[in-house]
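Given only the sequences and the hints, what does the whole structure look like? Please build it.
Chains as they are written, first to last, in this note's numbering: chain A, 203 to 449; chain B, 16 to 306; chain C, 308 to 650.
No lab work stands behind these hints: they were computed from the structure.
Small disclaimer: the values here were computed from a predicted structure and weren't measured.
We put the CB at the ideal spot given by N, CA and C, even for glycine.
Careful: at least some of the hints might be erroneous.
Said to hold, decoys possible - Now the in silico label distances, taken between C-beta atoms and shown as ranges:
hint: 1; chain 1: B; residue 1: Asn133; chain 2: C; residue 2: Leu339; range: 44 to 52 angstroms
hint: 2; chain 1: C; residue 1: Lys640; chain 2: A; residue 2: Ala388; range: 53 to 61 angstroms
hint: 3; chain 1: C; residue 1: Ser459; chain 2: B; residue 2: Arg295; range: 19 to 27 angstroms
hint: 4; chain 1: B; residue 1: Ser229; chain 2: C; residue 2: Glu639; range: 30 to 38 angstroms
hint: 5; chain 1: C; residue 1: Leu431; chain 2: B; residue 2: Ser229; range: 30 to 38 angstroms
hint: 6; chain 1: C; residue 1: Ser459; chain 2: B; residue 2: Phe135; range: 16 to 24 angstroms
hint: 7; chain 1: A; residue 1: Arg259; chain 2: C; residue 2: Gly529; range: 34 to 42 angstroms
hint: 8; chain 1: B; residue 1: Asn133; chain 2: C; residue 2: Thr559; range: 18 to 26 angstroms
hint: 9; chain 1: B; residue 1: Gly167; chain 2: A; residue 2: Phe377; range: 29 to 37 angstroms
hint: 10; chain 1: A; residue 1: Asp276; chain 2: C; residue 2: Ala428; range: 51 to 59 angstroms
What the hints assert, rightly or not - Among the chain B residues that face chain C by a calculated CB cut under 8 angstroms, a handful are:
hint: 11; residue: Leu111
hint: 12; residue: Phe149
hint: 13; residue: Thr278
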Amino acid sequence: MALLEVENVTAGYRAGPDILKGVSIKIEQGKTYCIIGPNGAGKSTLLRAICGLLHPRDGNVIYRGEMLNKLRTDQILMRGISFVPQDRSLFPDMTVRENLRMGGYIIRDRTELKERVEDAFQMFPILKERSSQRAKTLSGGEQQMLAIGRALVLRPEIIMLDEPSLGLAPMVTNFIFENIKKLKQAGMTIIIVEQNARKGLESSDWGFVLDLGTTRFEGPAGTILNDPRIQELYLGRAQVNRQEPSP
Amino acid sequence: MIQNLQILILGIALGGVYALMASGLTLVFGVMRIVNIAHASLMIAAAYITFWAFRLYGVDPILSIVITIPVMFLVGVGIYKLFFSRIAGTQRSGELTVLLTFALALVIEGVLGFFFSNVFRSTNPAYSTQAILFDPLYIPKGQFYATLLSLGLIGGLWTFLQFSRMGYAIRASMQNISAAQVVGVNVERISMISFGIGIALAGASGSVMSFLFSFFPGKHWEWIAILLALIVLGGMGSLIGALVGALLLAVASAFVSFHFGPTWSPITFFLALFLILLFRPQGLLGKKMEV
Amino acid sequence: MADKTVTSELESVAAETQSLKRPSLRIKNVFLGGLLLALLLFPALQFTSGRLNYWLHMAIYTFMYIAMASSWNIIGGYAGYTSLGHNVFFAVGAYIAGVLLVYFKISPFLTAPLGGLIAMAIGLLVGLISLRTRGPAFIISTIAMILVVKISFDNWDYIGGSNGLSLPAIKLPLAYTKMPFYYAMLLVAVGAIYLAYRIRHSKFGLGLRAISQDETKAEVAGIPTNLYKILAFSISGLLVGVAGGLWGYYLTYLKPSNFLSILVAAQMVLMAVLGGKGTVAGPVVGAVIFIAINEFFVANLGFTELNIVATGLLLLVVLLFFPEGIVGTLKEKGKLPQVLDWD
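Set out below in structure tokens:
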């Protein structure tokens, strides 16, 4: 049985139109997945539907056999799914340490939380250096690390990253993906949404191509990367401007 | 020189009280982006509660916060549940919430006026007419206690926000509400509680107001205008900004009151409002407003 | 890009507007017919029976609020920027005309337009200060505006201070005193409706609508948002000021607490919202209906406090349950009678 299964999910924001129109994906434990697709395809929406920021209008999200549809975000976080949003969503006036603490908001035990925060510092030593600095003073790459570190405080089963390379210089992007590889080696299940299809697929086992709210293609990451049809489709679509609706 | 020092002291004393009044307004705006125009009318409602407790049962106004704080907290939660949870997240909620709180202010004013008429009221515990002397300076006892209380409550609020789990959640929501959602904060509940706290603070303010100023149902327009001007000056959504704005403007208005007469002192706030909008619209400590 | 979407959106709205630029002949006829009726009927009745003073008074009152609610609508409905201090324009107009009458013996029928222009200038000034930002700064400024004017007027003895100023009554035989006010207010009301109509069907109005929907996108699409907002605010003050000038003379008494009472501002807002802010017919419908309801309540209850409660409650109900107002909601459901569809 798949660890996480999205079954024919339809979803949209508030009273707006359906963004996801019957999308299905299957996630196996320990693997890394990359979701690519043009703007407006619903990639971010899909991640948000999984972690409870959005409730499916139709279809099911099943994790370890349990339906997540009606659960709140904190309930889903507690079950082991973490989310790193596209805009990093940090708390700008809180320190690095406080941001990490907030990552563990659902953890009630203070000592446990402290431990987890230290783990995050271990993974990203530079954050330890900046632990008393306000999040808004960090560089783009450091903010991304903080965002990922914050998600890791919960020791999730599955970590979902929405456009981790967004706005980052190539060298920093490489560094981020290095760390993603480390997570993979540690056995974590990873779902990445990436505009930088090449980078994303290169780091993944399996790829999904999303467009117009459904899965168009899926397959081993390497195959997707090299498939000319998909390249054409993807590039062709990217010319037409549609905006990803903002939550 | 002595005179100026005296005015300064009176101004600072008042500043603490204004800060208490503005803190509730700021909290609500910071978390939910709601401009609660009814805040001052709720303050006056609390002032009436304090007044009648004093008149009928001899309850000291300062002690009456034991009543007004919890009562107003519940009122705040009730108002939130009744009006704001249903429109939370709808698109044009900004304009709508302002009109809603405006309507609410009208209703409260009308109801208070109907039950209590438009007679000017105030409580007069012993200390409201006494003074503490630091020869040759003095500070009215009432104002002194009021300032202590205000600073105490503000300090309590600060401690709560800095160190408690819920305080973290509230601060997080003030800084980035969608991020708070992502880490599992129950934003609905936090909004409701924040609103309750905001109105509870209005409650405490009302009790204090009852012996510092005279009040009547319609007075809240003057108060809300002053408080709103104050938080725009300090920077909307910033609690420190509210404190700074309160102190600055209270001192300034004390000087205006001395030189031009007390009726002109509110103008200080509005002059400051227009000036800050001209030169630094985000306020002294605020950030640029996101839409 | 963003502008492409917004531009095409604007284009479709423009096309829609174009087709409505010619109001159906029926609406035009109905409107003119009603106007003719108003022009002739009441005064005629007044001459014959002389006992219709009450109805004349109500008519004047209604025309005035039709004008004021329609004017408020320009900034509050079209642009989506709520002004809670619109009674400042009312007071300014009243005082300018009144003071000129008392001290210089000029008839307010001549000076009311001046009052309107000065109100407009104030709107321009305040707008320049507070409309350069978005968010609540504007609303807060309008509230501050009331207080500033109120405190200033209360302390200004030349114009009567807080006790007010008494104005000489108009010199006409008793039976005819209301007549000039009737026609003047009717003119102002028609003017306000016409103004609202023309703005709605203009590029300016389209821009305002875009601003109320999504200001960022409007700006990106090239609309001069700040200019439009400031213009809308000042224009919205014009006829309110004129109405004030006339009303002050009609009452023969100026007092800050009367003209700057929050109830005046609240009622303007309520009428526009009740009728349907953002539509042309909305404020008119809202004014008529609210005044009718209000009269009924005052006749039976008659306290000002309950009046305030009722206004607030009604506003709450409308905002919570049908925020588009009567005209707006009917339009959405497709049930709006053609006669009222002036958009």
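Hints, verified against the model:
1. B:Asn133 to C:Leu339: 44 to 52 angstroms: The hinted range 44 to 52 angstroms holds for B:Asn133 and C:Leu339, with Cβ atoms some 47 angstroms apart.
2. C:Lys640 to A:Ala388: 53 to 61 angstroms: Hint holds: Cβ distance 58 angstroms, inside 53 to 61 angstroms.
3. C:Ser459 to B:Arg295: 19 to 27 angstroms: holds, 25 angstroms
4. B:Ser229 to C:Glu639: 30 to 38 angstroms: Since B:Ser229 and C:Glu639 have Cβ atoms about 48 angstroms apart, the given range 30 to 38 angstroms is violated.
5. C:Leu431 to B:Ser229: 30 to 38 angstroms: holds, 37 angstroms
6. C:Ser459 to B:Phe135: 16 to 24 angstroms: holds, 22 angstroms
7. A:Arg259 to C:Gly529: 34 to 42 angstroms: holds, 36 angstroms
8. B:Asn133 to C:Thr559: 18 to 26 angstroms: Hint holds: Cβ distance 25 angstroms, inside 18 to 26 angstroms.
9. B:Gly167 to A:Phe377: 29 to 37 angstroms: violated, 49 angstroms
10. A:Asp276 to C:Ala428: 51 to 59 angstroms: holds, 55 angstroms
11. Leu111: Holds, about 6 angstroms.
12. Phe149: Check failed: Cβ of B:Phe149 comes no nearer than 33 angstroms to chain C, outside 8 angstroms.
13. Thr278: Since chain C brings a Cβ to about 6 angstroms from B:Thr278, closer than 8 angstroms, the hint holds.
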